[in-house]
Amino acid sequence: GTSKRHQWNENKVLTAIEQIVQHNSHCQLILTTSRRTPEGFLNHLKKQDYASQLDIFPVEHTPQGWIFEQMQLAETVYVTEDSVSMIFEALTAGCCVGVIAMDRLKSDRITQLIDQLPFEQTKETIRLLPLTTPLHEAKRVASQLLDSSSF
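Mapping of the sequence shown onto our numbering: position 99 corresponds to residue 99, and the numbering continues sequentially without gaps.
Simulated from the structure, these hints should not be mistaken for lab results.
Be aware that one or more of the hints could be misleading.
[To be verified] Simulated crosslink set (SDA-like; lysine to any residue; CA at most 20 Å straight-line):
id	residue 1	residue 2
1	K46	Q19
2	K12	D115
3	K4	Q112
4	K12	P38
5	K12	R104
6	K123	D103
7	K12	S83
8	K106	Q116
9	K12	T122
10	K123	C95
11	K4	R36
12	K46	R36
13	K12	L42
14	K12	A101
15	K46	I30
[As the list claims (entries may be wrong)] Okay, the calculated beta carbon distance ranges per label pair:
id	residue 1	residue 2	range
16	S25	K46	17 to 25 Å
17	L146	T15	44 to 52 Å
18	L146	P58	37 to 45 Å
19	P118	G40	30 to 38 Å
20	V59	D147	33 to 41 Å
21	E39	L146	43 to 51 Å
22	L73	D108	27 to 35 Å
Note that the Cβ used here is the ideal one computed from N, Cα and C, for glycine as well.
Build the full structure now, drawing on both the sequences and the hints.
Written out as structure tokens, the structure reads:
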């Protein structure tokens with residue numbers, strides 16, 4: 001949805017989802033929303049011809065931790081550009097990450113960070129990051145804390 005950096009563009013998001021469905025017809029496709037997803041979006045999505053190929057789980061119907069569990073099982077996760085924390089959660093899960101471009105309201109350090117990511121492939125409104133080693137940031141920080149402590 002709309003944030004201080006991005007403007008929600010329903011047509012752009014629906015087009016990106018359609019492209020994902022077309023290019024992944026052999027896969028199980030799970031879609032979830034976020035707290036900022038506009039209220040009427042799922043109704044509009046369900047009217048699309050390709051919607052029957054999606055398993056849709058609104059965020060309000062998913063338990064705590066469900067999204068990260070699904071990411072760990074996924075080969076590829078697609079995230080809208082405005083969801084920076086989700087982009088990094090997907091990278092932490094160790095899957096390929098596709099970033100769906102959103103209309104920007106301003107340029108700042110966060111949007112510049114997105115632009116600096118090492119995208120290997122771009123398809124219209126979707127940019128794909130290469131599969132990498134999972135980030136394991138929590139483990140890295142815990143290890144540094146334990147290494148620096150004097151036990």
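>> Hinted pair, alpha-carbon criterion (20 Å max): K4, R36. Please report holds or violated.
In response: holds (12 Å)
> Hey, K106 versus Q116, does the alpha-carbon distance stay inside 20 Å?
Replying inline: Holds - the C-alpha atoms of Q116 and K106 are around 16 Å apart, at most 20 Å.
>> Between the beta carbons of V59 and D147, is the distance compatible with 33 to 41 Å?
In response: Given range 33 to 41 Å: holds, Cβ gap about 37 Å.
>> Holds or violated: K4 and Q112, Cα atoms, limit 20 Å.
In response: Given pair K4, Q112 holds - Cα atoms ~15 Å apart, limit 20 Å.
> Measuring from beta carbon to beta carbon, are L73 and D108 in 27 to 35 Å?
Replying inline: holds (33 Å)
> Given the proposed pairing of K46 with Q19, does the C-alpha separation stay at or below 20 Å?
Replying inline: Cα-Cα ~16 Å, so holds.
> Keeping to a limit of 20 Å between CA atoms, is the pair of K123 and D103 held or broken?
Replying inline: holds (16 Å)
>> Given the hint of 44 to 52 Å, is the C-beta distance from L146 to T15 inside that range or not?
In response: holds (47 Å)
> Is it true that the CA of K46 sits at most 20 Å from the CA of I30?
Replying inline: holds (13 Å)
>> What's the verdict on K12 and R104, does the C-alpha distance respect the 20 Å limit or exceed it?
In response: holds (12 Å)
>> Need the status of pair K12, A101: alpha-carbon distance at most 20 Å?
In response: holds (8 Å)
> Is the hinted pair K12 and T122 satisfied, with a Cα-Cα distance of at most 20 Å?
Replying inline: holds (15 Å)
Hint compliance for this structure: every hint is met.
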